[in-house]
Amino acid sequence: MISGGEQTHGSGVIDQVGENIIHHVSNSDIQHPIVHFPHIFGIDMSVTKHVLMLWIVAVLVSVAVIIPIRRFLRKGDGIPTGMANAIESVVQFIRDSIVVPNLGPKWVNAWAPLILTFFFFILFANAIGMVPIFDLLGAFNRFVLGIPASDSHNFINGILHGGVTATGNFNVTVALATVTFFAIIIAGIKAHGFIQHWKNLVPHGLPWPVYIILIPIEIIGMFVKPFALTMRLAANMTGGHVAILAILSFMAIFAEMFNSTVTGVSLALFSIPMATAITGLEIIVVLVQAYVFTLLSAVFIGMAINVHH
Amino acid sequence: MIPIIMGNDSDHFFGKSLNQFQRFVRQSGPAAGAAYTLMGAILFLGALGFFLDQYFNTSPVLLLLGLGLGIVVGFYELAKTIFKK
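Protein chains in written order, with our numbering: chain V, 1 to 309; chain W, 1 to 85.
Bound-form chain V, shown alone (with noise of 0.2 Å):
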């Protein structure tokens, strides 16, 4: 593993070995950030790793989507070709198998916008952490250009700090779930009106006092909801790239429980195709992870649209 992070000398690989995956999957710290900006209402604005990620996602997504798209409308003669092709077929499964069922044919121009964006943006933030660039980077900088990784005024050395799935900060998942909050009120209300969006959130004609205990378990169920989409995208985007870092890190902590280089060699047998084949399953999560939180803001926008009690 190649980090731009200090190597705590005296103590065994063991105890290095947390630090280093968290290390890797965690953002870089705020105290040492890739551009420094000024305090704004106190609140640091310095760009960390993972912000930095949003904004080569943010650029990745308007060029891989939204340039082709404006060239496929500039064309006028509702043919995609190349780019838009492939962008149409996702669009056109996002809509007939997740946006029509959960909010029926009358919202689907209302809101399948809002959907692919979500699907497209964690797409391209999940499938970006799985690209091991900075690494690359890390490495030309250490064995091509011989920079030194305590060298902390090189600028490679300094983005190294941190994981680059930035779906993988809760920040990150707790803004996309925020958002989806916001969007399950405002399609409740433009669907059945402010008063009666609210009215609807118990059943009709049940007596009084069981309101007393329904309307606080759902209004706690508001909140539960997009909690539920916050941990399900970070926890797995993390997880799997954990699950990796550890079983690479089998061949360090065996070589020197056993204090011999043949085994860690040895266990490199076993490490790196399990390593790889979770990396495989890795982007299969990739896909899936997109795709269900898409499938669940929709669920949950689909349930303050169409009521059933």
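Rather than coming from a laboratory, the hints here were simulated on the basis of the structure.
Watch out, some of these pointers could steer you wrong.
[What the hints assert, rightly or not] Estimated spans, in silico, between C-beta atoms of each pair: (1) V:V13 to W:I71: 38 to 44 Å; (2) V:E88 to W:D11: 15 to 21 Å; (3) V:G104 to W:N19: 16 to 22 Å.
We put the CB at the ideal spot given by N, CA and C, even for glycine.
Fit chain W to the supplied structure of chain V, relying on the hints for placement.
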């Protein structure tokens, strides 16, 4: 549904598989929502109880209350999905 031109048997098989997959996806949505809400409710209220316990120094009363309430809320949401008309 994704339109598939049924030229030969393999196209037919692919089209049928895709339509079946879309059908499963449609049916799995509410079930996935209920399952994740059940898990989320227990975790959310359990964690809330845990942190409130630490703040008020009442361990483990609020944690247990949070977990209990989480189970109630989670199963209520699950029941809503199951008994939906």
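We went through each hint and held it up to the structure:
Distance hint check: the CB atoms of V13 of chain V and I71 of chain W are about 42 Å apart, consistent with the given range 38 to 44 Å. Distance hint for E88 of chain V and D11 of chain W: a CB-CB separation of about 19 Å, consistent with the stated range 15 to 21 Å. For the hinted restraint 16 to 22 Å between G104 of chain V and N19 of chain W, the CB-CB distance of approximately 20 Å keeps it satisfied.
Violated hints are absent here; each numbered hint is respected by the structure.
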